[in-house]
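Participant: If you want the building blocks of each chain, they are given just below.
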Amino acid sequence: MSVRLTDITEDMVAEDQIRFPRVFSMTLKEKAIRTLVMGGGTLILLYGLNRFGFFSDKFWGSLGKLWTMFGQMFPPTGWDQIDIFAHAIGETLAMAIIGSLIGGILALPFACMASKNLMPIRPIQFSFRRFADVLRSADYLIWGLVFVRALGLGPVSGIMAIIIIDTGILITLYSEALENIDRKPIDGIKASGGGRLQVLRFGVMPQVLPVLLSNALYMFESNTRAATILGIVGAGGIGFLLSDNLRAFEFSNACTIILMIIAVVYVIDYMSKKLRERFIHGDRVSQGHDRPMERVARKMNE
Amino acid sequence: MAFEDTKMDIATHFELARADYLGRKRMYLVIFWVGFVAFVALAVWHSGFNIFEVIKGLPRTNEFIVKMYSAIRLDHFWEDLAEWYWGFTDWLDALIVSLLMAFMATVIGTTVGGALSFFASRNLARHYATYFVTRRMLEIARTVPDIVWALIFIYPFGVGPLAGILALIIHTTGAQGKLFAEVNENIDHKAIEGIRASGGNWYEEIRFAVLPQVMPNFISYTFWRLALNVQAATVMGFVGAGGIGHELITAVKLLYFLDAGAILLMIICTVFMIDMSSEKLRHWIIGKETLVGS
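Quick mapping for you: the protein sequence lines, in order, are chains A and B. Counting in my numbering, the first sequence runs from 67 upward without gaps. Counting in my numbering, the second sequence runs from 1309 upward without gaps.
Don't take each hint at face value.
To be verified - Heads up, simulated EDC-like pairs for lysine to aspartate or glutamate below, C-alpha to C-alpha not over 16 Å straight-line:
#1 B:LYS1588 / A:ASP199
#2 A:LYS339 / A:GLU287
#3 A:LYS182 / A:GLU242
#4 A:LYS182 / A:ASP248
#5 B:LYS1486 / A:ASP335
#6 B:LYS1486 / B:GLU1447
Hints were generated in silico from the structure; no laboratory data involved.
Isolated chain A, as found in the complex (with noise of 0.2 Å):
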């Protein structure tokens, strides 16, 4: 019954495309659907461009005129003020280290009271959810804004406002991997008869620190490129020089800066790999040398 691709002849495909009509084409409802989801987003782009300016003649002077502000980038300057920004850099570091740890910490009481197999009591479970979703729903520069008007200039607002941010995603990822875990475990440590406290730190607690650990330090990356830009409300950091410099014109200071800032989140982006393929997802311990039992064998063979 094995048909070669050479014997298909014309009409057993006109045959098949009767019998089977769904794998040669879409049905008309979702070819009408299909046109108006297309034909109506490309309605709204015209719109879009056409009222903020893409086709006009202006539009492309502009152009040019960003074609001579990249010139005027390079050579980076700004030499002279570097231990200005340096100090600056520092300052972007620590609040998201402080904001992330803070976060990291303060999500962890209300994760539990949002996952559906730690709250038993459904519409208490449901409002942490929506409370996460709700703090994270403003951004790091409205936060920002916010903290700068009750708590005054400076990296403390800016630390608010990381915090705010981390702990609202941290809830949903938290619980998610809260929610995600093996039950057996649980049931054993109930079964030889530990306590709430036990089944915490012995069932749940070597379950999901790493996926913890892990959602964490990715906030901390995310963190660490809102730290750079919370200056431009006055909430410290960096972003405050960068977007100074930018009203003043100094095209080539703040080119110094922004490769500055690359230079950081490169860094960030690249430990905060390194530390989660070491010591979370690689368990560095189960690596070879360092198993007693493996070693015991190794020895006897020699």
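Fit chain B to the supplied structure of chain A, relying on the hints for placement.
Facilitator: Coordinates of chain B only, in the frame set by chain A:
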């Protein structure tokens, strides 16, 4: 007897190796915690973060929020709401501008980034130089935050949504290009070989072998990016790059706390709804087709 000795030997060896292992593990742990605490202490010292100062300041945040929302009395709810949202039409218009910015940037950025992603994947790019240059360009576009791009574009394009859209387009292109390239690198190569064997060129390989495999992932990432871009578009106005952010920062600067609260509520509701529906759509799409590499 000899057998017994060997057994003893195993046990001693094991105990020694275990003690050695535990000792080393403890040492690593101590080094890690000392380093970690020193790092955090340095950060606290450098930023001047003082927890007591924050606790002392937090009631002021509360006061600020109460000031923002003090307009509503329960017995005149609707009248107060109408008065509170006195500038609703203006704010709605600004909000629509923000949404439009996000939509346009997502469409254009995803198209450009998607096209570039094929040159930026190690397995699809024909020359290493193409791969290297495209990848680095995408990384720079992604690493520089979108609001910084907006600050750059304000000078040539002037104050207004145009600079914000261009900033979002650049950032979206970089982010989507890099994510899509990673998806492309995880595909099944059999389909490409099939197209190549039947005489297809590079374009046909992409169109008929790669695209069908990666499309569900691309669409899922695009909805996610749309939600992120809506959030980013709400703050573009902070630097003068259009949208609702401009209304918010003006209200805060002029100390119109009631207006600020009203606008803030609008922003949070919009982002919240877009976020929810984009997640629903993504789950629906992922449920329909299996994803590459997962």
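Participant: With reference to the structure, classify each hint as holding or not holding.
Facilitator: Here is how each hint holds up against the structure:
With a CA separation close to 14 Å, the supplied pair LYS1588 of chain B and ASP199 of chain A stays within the 16 Å bound. A threshold of 16 Å between alpha carbons decides the hint, and for LYS339 of chain A with GLU287 of chain A the separation of about 10 Å falls inside it, so the pair holds. For the hint linking LYS182 of chain A to GLU242 of chain A, the alpha-carbon distance of about 9 Å falls within 16 Å, and the restraint holds. Pair hint LYS182 of chain A plus ASP248 of chain A holds up; C-alpha atoms about 14 Å apart against a cutoff of 16 Å.
Taking the CA atoms of LYS1486 of chain B and ASP335 of chain A, the gap is about 14 Å. The hint holds against a cut of 16 Å. For the suggested pair LYS1486 of chain B and GLU1447 of chain B, the alpha carbons sit about 7 Å apart, so the restraint of at most 16 Å is met.
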